[in-house]
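Protein chains: 2
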Amino acid sequence: MATETVMLGHGSGGTMMKRIIDEVFFAAYGNDDLLKGDDAAVLPALEAGQRLAYSTDSFVVTPHFFPGGDIGRLAVCGTVNDVATSGATPLYLTCAFILEEGFPLEDLRRICASMASAAKEAGVRIVTGDTKVVNRGHGDGIFINTSGVGTLAPSINLGGAQCRPGDKVLVSGTLGDHGITIMSCREGLNFSTTLESDAAPLNHLIAAVLEAAPAVRCFRDPTRGGLASTLNELASQASVDITVEEEAVPVKSEVLGACEMLGYDVFQVANEGKMVCVVAADQAQAALEAMRRSPYGQDAAIIGEVTEARPERGPKVFLRTAFGSTRILDMLVGEQLPRIC
Amino acid sequence: MATETVMLGHGSGGTMMKRIIDEVFFAAYGNDDLLKGDDAAVLPALEAGQRLAYSTDSFVVTPHFFPGGDIGRLAVCGTVNDVATSGATPLYLTCAFILEEGFPLEDLRRICASMASAAKEAGVRIVTGDTKVVNRGHGDGIFINTSGVGTLAPSINLGGAQCRPGDKVLVSGTLGDHGITIMSCREGLNFSTTLESDAAPLNHLIAAVLEAAPAVRCFRDPTRGGLASTLNELASQASVDITVEEEAVPVKSEVLGACEMLGYDVFQVANEGKMVCVVAADQAQAALEAMRRSPYGQDAAIIGEVTEARPERGPKVFLRTAFGSTRILDMLVGEQLPRIC
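Sequence order for the protein chains is U and W. The first sequence begins at 1 in full-length UniProt numbering and counts up one residue at a time. The second sequence begins at 1 in full-length UniProt numbering and counts up one residue at a time.
Be aware that a few hints might be false.
Which copy is meant is left open, so a pair is good if it fits within one copy or across any two.
To be verified - No more than 30 Å apart at the CA atoms, straight line, and that leaves these computed lysine-lysine pairs for DSS-like:
hint, residue 1, residue 2
1, K316, K18
2, K252, K316
3, K36, K316
For the record, the hints were derived by calculation from the structure and aren't laboratory data. Given the structure is predicted, the values throughout are model-derived calculations rather than measurements.
Let's have the full structure, built from the sequences with the hints guiding it.
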């Protein structure tokens with residue numbers, strides 16, 4: 001029997017599209033809002049004073065399936081995490097597919113099941129979606145866009161600009177797992193059979209840290225561009241310096257080995273299930289303990305601190321190495337590994 | 001001088017990506033929320049009792065530029081219209097690009113300017129975004145996803161399921177302009193030098209109709225699959241029949257000529273700036289007049305009515321022709337013209 005694949009008619013707006021929606025998307029993650037079938041989902045009113053947090057991300061990773069996850073898990077976790085970084089509770093997602101003619105329906109079903117599972121873990125619902133199909137050779141199997149909204153309590157006001165000298169910098173676990181996993185898959189390298197993408201929804205971890213340490217300045221997930229880009233963004237937003245202690249940064253030995261062999265800087269490698277948190281020094285320990293109580297924060301560590309920027313030059317990020325020397329930790333300039341997420 | 005094009009590094013998360021964001025996206029449609037640069041936009045609290053309307057759409061149309069619009073105008077108008085169909089006031093959009101390596105930056109700037117202009121016309125703001133770049137040959141220049149949120153007053157409760165026998169069906173203008181324009185561009189046909197895509201934001205038109213005719217049952221924009229698919233969806237949601245008077249449906253003569261020549265059914269051709277509205281019979285005239293007062297509703301017409309479905313078969317849509325005969329107006333089955341939006 002021929003493999004069922006995506007056809008142009010699945011994007012037509014007609015009966016074939018209705019069928020793929022019913023049999024694939026609704027079957028995986030149907031819910032009352034999605035099933036209404038109107039063009040926009042209508043969602044309940046917020047509680048008084050609550051604001052909206054709103055984010056979007058497209059996912060173009062190859063391969064579509066990799067140890068520890070797949071493009072569907074990434075698409076849900078990535079947007080959940082972006083919404084959660086504001087301190088909000090993510091509630092609703094949209095999901096839009098750009099499918100290439102010929103993409104196996106079996107793969108699409110597997111991806112949708114993975115999205116449903118990640119959404120359930122995060123406690124969010126996919127409430128509306130869209131499906132487009134492009135001709136063979138004009139896409140790459142599957143691209144997914146998710147957007148997400150969450151509600152933000154009036155008392156919470158996080159952001160990169162809130163960082164100030166004296167604050168501590170935490171990371172919720174080991175760096176580089178996602179980037180090195182994808183690279184290993186793609187290049188057929190076998191650094192380790194145990195290495196997996198860290199893709200995970202971190203909204204519950206974030207909520208726990210916020211409760212334990214209300215003096216959090218900001219959260220940021222170090223995805224493309226890695227920790228180095230994230231810290232440079234924060235330094236720039238707040239006009240401060242940040243110094244990281246290399247020895248304090250958790251990195252798996254397989255990841256470090258791969259980076260050394262390939263000439264990658266682990267600080268610039270992408271993560272999909274890690275959170276950077278800047279917090280007032282006196283609450284850093286409480287934040288760390290809250291992270292470590294989360295299943296995704298076992299390896300959390302305090303890795304550095306915020307200091308005043310020197311007026312004669314712009315905000316900088318420094319790395320103090322194990323040997324006591326200090327180097328500038330730059331933002332990634334070009335491209336390390338395309339299509340990492 | 002070589003043409004500036006999109007490079008893989010523009011999707012890296014590093015300094016090249018920061019530059020394209022600053023110089024292209026912020027330059028076109030920057031605003032306070034977007035410029036904050038955090039991962040999620042934080043938006044003001046809603047008024048008491050207001051609900052959220054939430055929608056998403058990806059846009060893959062080729063060619064990217066066509067008479068009457070471009071992929072950017074479509075991306076803004078499409079999502080604005082989907083949010084507005086619920087009766088909501090669209091407020092905020094997200095915008096996510098999937099760019100192919102080699103795409104001319106000049107085209108991207110033009111598309112972003114067009115998005116800024118359409119957003120301004122609709123009165124919405126692009127508050128957060130995302131940029132991915134795929135390798136040459138794995139995309140098709142540019143794909144755009146937009147999502148949108150709007151606020152919905154407690155008194156409004158529209159939806160396909162609200163249609164009931166006796167209601168009138170309106171359309172806000174001529175059918176098929178967008179689909180035939182795209183097809184003419186793509187195939188190098190010249191049906192007319194005056195034919196243009198109808199891509200337009202219809203939120204102001206919808207608000208005017210709702211004010212004039214509070215007994216509106218639902219709005220729906222007849223995009224992919226055309227009027228035939230839209231009416232079949234409504235009939236199915238409400239378990240009713242719908243009968244359309246062929247002579248009452250506004251169609252431009254160039255569009256009709258093209259459809260006849262190519263064997264297309266104009267009722268299945270896509271529109272991007274038209275709205276179908278079902279309204280209680282005693283307010284149909286008021287709704288019609290409100291549509292006609294809008295710049296995008298000059299050719300609005302009452303085209304049919306809702307009747308009871310016959311119990312021995314499912315809900316159906318009928319077309320009464322100029323000759324007095326009646327045929328079933330079916331949903332599009334396969335694909336008429338791929339990548340129409």
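| query | If you check each hint against the structure, which ones fail? | reply | Per hint list: zero violations.
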